[in-house]
Amino acid sequence: MASKYIALPKGVSEKDFEAAVGHFRGILGDDAVLTSAEQLIPYTKTMMPVPDAEHTPSIALLATTVEQIQKIVAVCNQYKIPVWTISTGKNLGYGSAAPAERGQIVLDLKRMNRILEVDKDLAFALVEPGVTYQQLYDYIKEHKLGLWLSMPAPSAIAGPVGNTLDRGVGYTPYGEHFLFACGMEVVLANGEVLRTGMGSMPNSNTWQVFKWGYGPYLDGIFTQSNYGIVTKFGFWLMPEPPAFKPFVIQYEHEEDIVEIVETIRPLRISGVIPNAVVIAHALYEAPVKARRGDYVSGPGSIPDEAVYRIMKDHKLGIWNVYAALYGTQEQIDVNWKIVTQAFGQSGKAKILTEQEAANDPAFAYRTKLMRGEMTLTEFSLYNWRGGGGSMWFAPVSQARGSETLKQMALTKQILAKYGLDYSGEFIVGMRDMHHIVDVLYDKTDAEQTKAAYQCFDELLTEFSARGYGIYRVNTAFMDKVAETYGPVQRNIHRTLKKALDPNGILAPGKSGIR
Amino acid sequence: MDETRRDFIKGMFASGTFLALGVPGIARAASVGPLFDSTRNCRLLLGNTTGAESFAKGVQSACFNHGSRHHGALPVFRFESELSTGFLHLVDLLMQSRNTRWIAVMDHADAAIFTELIRNSAAHLLASGSHTFAAGDHAALPLRHVWAAASPAYSTGGLLASMLAREQYSFSIVERFLTQSAGESIENAALSLPEFLPYHRADQPVTRLYCAGVPLPEAGRLLGWETSKNQESLFSRTIASTASRNETAGSTTVEYPQSGDWVEATGYAVAAAALGMKINRESCSERAFVYRSGQGHPDHKGLSGVNFASFVIDV
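Chains as they are written, first to last, in full-length UniProt numbering: chain D, 1 to 514; chain U, 1 to 315.
Everything labelled a hint here was simulated from the structure, so no lab data went into it.
A quick note: this is a predicted structure, and the numbers were derived from the prediction, not measured.
A virtual CB, placed ideally from N, CA and C, is assigned to each residue, including glycine.
Don't take each hint at face value.
Partner residues aside, some chain D positions facing chain U, computed with beta carbon under 10 Å [as the list claims (entries may be wrong)]:
1) E38
2) K45
3) P51
4) Q78
5) T88
6) I157
7) T449
Listed next, with one range per pair, are the computed distances between beta-carbon atoms [what the hints assert, rightly or not]:
8) V396(D) x G294(U): 48 to 58 Å
9) P215(U) x D31(D): 17 to 27 Å
10) P194(U) x A409(D): 32 to 42 Å
11) K480(D) x A140(U): 26 to 36 Å
12) A122(U) x A364(D): 25 to 35 Å
13) E67(D) x R237(U): 34 to 44 Å
14) L234(U) x Y295(D): 33 to 43 Å
15) A140(U) x V193(D): 39 to 49 Å
Where chain D lies over chain U, by a calculated footprint (3+ residues, C-beta under 8 Å) [claimed, not checked]:
16) 118–130
17) 139–146
18) 268–280
19) 304–311
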């Protein structure tokens, strides 16, 4: 007899699952327990090159309170049901809202969307997991708080909790988001509620201003992990600067990445350029202005000749460096002089100010990201090939020119082997670079989908063999990446898991941890 | 809601961006009932994508042929800017359109955002499709459709396969259903698919495959259904074709219009299913049609290299 559920958790009988669902209905009410296929399809959609059936949830639960989550966790423990928690579920290209494994229930916290506090003077926010960047942006504007957000490219529809917990980045001076996290509330697998840092102390008013508390610092173990369910999250906001000067610097040759990085690194480390600078390849920016099909058809990766035509037609560099200066006008004037001198030395750089690049759509959306304004323009990447396939390949590199060139060349070579394009960028930290490549493919094409899977697998293998670690990955490849960090780290992860979640109910498979 | 957004919605409903597409381009065909006869409204949402006009033409034609008088031509709403810059307007539009079935078409960038908006708005997603005509003549089957649907009750593939085969396109259509049930016992209109050899796989997941002009092993490879076993051992020939089974059940044979434009045909098939036309429903988890034309590629009307996504949702 066919099941009444679209999937069941592994090892759980339908009878037990039915009993658990009855408990969930009692806790949440019928409307907050999603069981129909029509309600659940959006939770099955991923952009990964594996069958969506492998990531189909059994049901989804919409909780609104910490107490409900505590009760849900108790039921999951009783019936050994795995629960995959999402905040806003916008981890597109990393698995979206779908669980790591078929049959897991999705705990969707989108309705826990209260902005609990935004302190104008101390410049911090405390929010629930369902709060979106758009919501917080509107709140700050409405209350004229003079604070800026830092958010990733899917800004408006994503949220700070999910992005930071997955150690995502943004483009302002606060772009390394976890650096600016301060205090979490976490429901543990045993139902206890932990407040990290100063939050553990009754009557403390320093939860969102002092990270460390006393004893071992715990916040980190609740990022990219499955040790608890974060229900409140504090983070710091950037005071709106009196002046802001965005600019773009274009280079014409791929080898110029060496000069770019060598020039930027000292400016970043010294704080002359304070924000998370982006060095975007032409093919990362091209979808904002052009379609792939206008330049090339047929199999294989796009040839360099076509890339140069795109650059010429759409006024792009092969590398496009987006950065900004923040502060008083006097500070900006001084730093601008330092920046232009540094980049002007070789004569290769073309420096464009906001006035000179004002009508450029790529510059416009990059500028928005660098000043914490909402934009979804980067989604145009999904039109480059069409077909809905996307995976983010995200190795970390030293902020050293020779390293970035090596990574770029290796990535491009492996992508080309499978007929895929290099749509890459480097996001510059102070000493590191997040090398971000969108592996785009057409999911309607079975052959290309298979190639994309093999390509991604090879990228992971080759990069890890050279000591290049991946900082974040989609749910189909989490085990493989976890393996690349070696047995000792994996064992520690497992030991923590066993101690904190002995029944293994919280998001099994996240970061390869079970 | 702020005034700007309220005005925007008001404007849309008051016909500021309303578009009556007029008499459809596809010739009228025989209707088949019972069809979409609920009190639910049905509307068409057009994104800024190549082929949107053709798709809309097909939708209106299906509505003309198979919709009830209550519906007439479907009201059309466009989002002028891409979703990436105006998604809040669309959220409001959806939220204010209770008891409405939306047929939507858009590019893949907007589709990624739209899927998330559907999930957030608690709308019901009945079916979502991805449609591609590969540019150039290199692809074995240049025209490809992939659907995810809640159940076979929202199946589009049978009708579309029939339309495209008649126009000699080489294509693949894959439908994946979250639940296998085709719904309550219904009058199931039959299509004539004489060229197709039907196969089925009875073990889980229940899969049906229709091949024409392509041997079974190659069809499996083209669909990415390769396994360690060969296709012959996995699939069995279905003894009675869908058409003949339906004929014995006494259902009506459906007629459908002719269109040499694959995007228009896609719009027609999507709308026919959305309006409740019950064609070739079969209980299964997955179904595919693979067709290779013996006549080479037909005139593509400039629609090769085009790809887009479609949705049918209930709000």
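Do the hints match the structure? See the list:
no. : hint                          : verdict
1   : E38                           : 4 Å, holds
2   : K45                           : 6 Å, holds
3   : P51                           : 8 Å, holds
4   : Q78                           : 27 Å, violated
5   : T88                           : 8 Å, holds
6   : I157                          : 6 Å, holds
7   : T449                          : 6 Å, holds
8   : V396(D) x G294(U): 48 to 58 Å : 53 Å, holds
9   : P215(U) x D31(D): 17 to 27 Å  : 50 Å, violated
10  : P194(U) x A409(D): 32 to 42 Å : 54 Å, violated
11  : K480(D) x A140(U): 26 to 36 Å : 31 Å, holds
12  : A122(U) x A364(D): 25 to 35 Å : 33 Å, holds
13  : E67(D) x R237(U): 34 to 44 Å  : 57 Å, violated
14  : L234(U) x Y295(D): 33 to 43 Å : 41 Å, holds
15  : A140(U) x V193(D): 39 to 49 Å : 57 Å, violated
16  : 118–130                       : holds (count 9)
17  : 139–146                       : holds (count 4)
18  : 268–280                       : violated (count 0)
19  : 304–311                       : holds (count 4)
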